[in-house]
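Guided by the hints, dock chain B onto chain A, whose structure is given.
Single-letter residue listing:
Protein chains: 2
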Amino acid sequence: MQQETVAVEQGLLYERVAAHIEELIERGTLRPGDRIPSVRRLARQQSVSIATVLQAYLELENRGIIEARPQSGHYVRARRAPLPPEPRAARACTTTSRPSIESMVAKLYGAGRDPSIVPLGAGFLDPDLLPTERINRSASLIARSAGGAGVSYDLPPGLLALRRQIARRSIEWGCALSADDIVTTVGAAEALHLCLRAATRPGDTVAVESPAYYGLLRLLASLNMRVIEIPSHPRTGMDLAALAEAMGRHRIRAVMAIPNFNNPLGSLMPDEAKEELVEMLGRREIPLIEDDIYGDLHFGDERPRPAKAFDKRGLVMLCSSFSKTLAPGYRVGWAAPGIFREEVEQLKFAQSVATATLPQMAVADFLDNGGYDHHLRALRRKLAAQVERVSEAVAAYFPPGTRISRPAGGFLLWVELPPGTSAHLLFERALARGISIAPGPLFSAKQRFSGYIRLSCGHPWSELFDHAIRTLGKLCAECAG
Amino acid sequence: MQQETVAVEQGLLYERVAAHIEELIERGTLRPGDRIPSVRRLARQQSVSIATVLQAYLELENRGIIEARPQSGHYVRARRAPLPPEPRAARACTTTSRPSIESMVAKLYGAGRDPSIVPLGAGFLDPDLLPTERINRSASLIARSAGGAGVSYDLPPGLLALRRQIARRSIEWGCALSADDIVTTVGAAEALHLCLRAATRPGDTVAVESPAYYGLLRLLASLNMRVIEIPSHPRTGMDLAALAEAMGRHRIRAVMAIPNFNNPLGSLMPDEAKEELVEMLGRREIPLIEDDIYGDLHFGDERPRPAKAFDKRGLVMLCSSFSKTLAPGYRVGWAAPGIFREEVEQLKFAQSVATATLPQMAVADFLDNGGYDHHLRALRRKLAAQVERVSEAVAAYFPPGTRISRPAGGFLLWVELPPGTSAHLLFERALARGISIAPGPLFSAKQRFSGYIRLSCGHPWSELFDHAIRTLGKLCAECAG
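As they're listed, the protein sequences go chains A and B.
If you're matching positions, the first sequence starts at 1 in my numbering and goes up one per residue.
If you're matching positions, the second sequence starts at 1 in my numbering and goes up one per residue.
For the record, the hints were derived by calculation from the structure and aren't laboratory data.
Here are the computed distance ranges between Cβ atoms for each label pair:
hint	chain 1	residue 1	chain 2	residue 2	range
1	B	339	A	116	28 to 38 Å
2	B	339	A	428	23 to 33 Å
3	A	460	B	160	20 to 30 Å
4	B	339	A	480	39 to 49 Å
5	B	133	A	180	32 to 42 Å
From the derived model, a few chain B residues whose C-beta atoms are all more than 10 Å from chain A:
hint	residue
6	43
7	117
8	286
9	300
10	309
11	433
Even for Gly, the Cβ is constructed at its ideal location relative to N, Cα and C.
Chain A with its partners taken away, still in its complex shape (with noise of 0.2 Å):
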């Protein structure tokens, strides 16, 4: 632990040069193209050593700020493009179907385990990004140190150890969950596909944004579900009088969605939007299952809360898990079932009896100890940076025409291609070349958005991915309709 103290405060003196220099960018002091101090001339203005600087540097480097020139220095880095316009809004439907996107997801998952493949397509971070080794150490000692109590089940609702530390940072959230309110899952996954088992029946009718995460479809279709979608607004996330509308023509049982850093928007649905949706839902005594699973991942100062800040009624079924901050392998997740609860637990039991023990004694240690937030702040800045990187290099290599999402957190790319383009052809051209990309109509059970694409942004970026970025700009010309 003294070794973890260490580390914070050598994060925190880097962070603190980076600032330094960030200030003087953005007050106007240092200028695009503008050399910037160097590294021993810094180290000496501020006291501080020169791994420090250059520990600093690399940090806005990375972040897209400054740029390094071999034999010369570090420049401020001109913005390379202005960013074109936002995606529009799907339209209205009005008709329920049956998700059927199944052989798309095979092959782009195929792709993600393919390490020849540019990564662009699956929502998965690099472990660099993540505390890998930190938690892997955590694992290691409890694996030496649990005796009996790692290898023995640990039955639902699950480690009261992370239990509680979910509770203690839910007051942050506004929810102020206690811990017997949470059931812990195998990943976000099995969180909402308990919540949505214990909420409906197989044939119900299911309203999600659209386009919706075809993770949520996928588990739809497999329970036999109808979905209704219901436009999404790339900023502001679900059209509540879309909802409204469609309520009053089915009979919608569920609501399912993403408010904060909506997969694939990256919109973040206003406060008072979620309270309104909450009320709307209870009016009617609709369950909405939300998935949070972004919700840490804020490019803003604060910590957005889920619409189940706003629930009064047990309503909301808070799903969310740490495979987006920590550690995707560990499989450790949870529900906050509302009024749902005891029946979540049942299914859970049914289902997979327990979740892992080791790694959820690692992640409620890691909560505990870690530095979590730390680790959050300097993941939040990544993310932003390589948001930001994708989003430059597609306004500089894709045609006109093009728009793209500002997501105001997580790490995901929504990018409406010119009109006529295939999607979908570019998806399949793109494999071709070694590129992988998640196409449109991946998040639509009806394959709408044929003229979209989703880009993750979960690696560092790097000259591999300007290479591919400006080879999918190429192709696309060659899938214009």
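Structure of chain B alone, referenced to chain A:
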């Protein structure tokens, strides 16, 4: 690894000494009540250390073969009483039903979590019987060295190294699976769940053994399935004539069974019956979902084959896990779903995305290097001894008219109480006295078996259990109708 080898050799040495004494008893050279050679004398005689003999005697003591008398030495144990007859099989029942056993299961597992309660109820193994320290050490080393692999998703079909180990072992059971046949899962529970979802639709009728493992009944209930119970013989398992008759009367969409060391019966279906079952179902294209979680825990010399060994058409969906042999809390299981493999893989994705990576790596490593076979040999001996001890205590303390099963493997005992005794009342009264048992009605969708209980022998024998079973015997009289 060096240390491992030494441990294995030491193990073999004390085992040899124990086997020597056991042989003397079997041959009749030493008879019940005889004093066996002193530790010192035997050490000299066999040219081994005192510690080795002590270990051998402890082993024989644990297995109920000898007993230590304070200040006097070790004696060949007398069987306390001849065992009562075996329980009777259930009668056939002609109608289907929907299981509903939640409240009893909740009580059972509630008791399972309370360390002050004598654990004869839930089918859990004492962590001291498992290679807890070794597998945790393995997990610890892997966590330290896994790097990004440890935190990254291990997407379906799951960890190749683990699937290879399972495939390698399957040759011994006459299955010769390939790694490609296997999908790893969150314990056998998820495997069964996925197979059931792949092979059936909600509302379908599924045939199960009677009595049936309550976990299967809960699973079926959670998926809104109908259940037809097929009588099972305590020694040979499912009555195939009754199954044939039921197939004539109902549209059975799948059969779920535990042919090897059934839970709760301990029955072992003979190979010919397995072959006939597979053929019967194959002719009608009905999938068999086979739970082989106890298959490695045979008391006899040979590892019984699963029904899957007789499967020529890919209709047998074999499910198992390492929860009864290595580490339940690791939640590592698998399915070999035959022709349903692709569907199971897709459902796995939708349901929980992936199985936790590190636990899979640790299990694969243990199977490769940990002396799994050596561990299994020791575990089987211990479980056989524990089952024998519990059987003898029931024979000694329960009222006349009691019948008990003769499990050929596993660690569960099925007890038929004297006519008119209420298992449910006994369950409640025993719980009030701090003893947990599993009441018979748990094992039926129709709440049959009101005069049966299941006793778990998953813990090393001690006075605590002797006292508890004596108490149960007394309570039986109070619960007579």
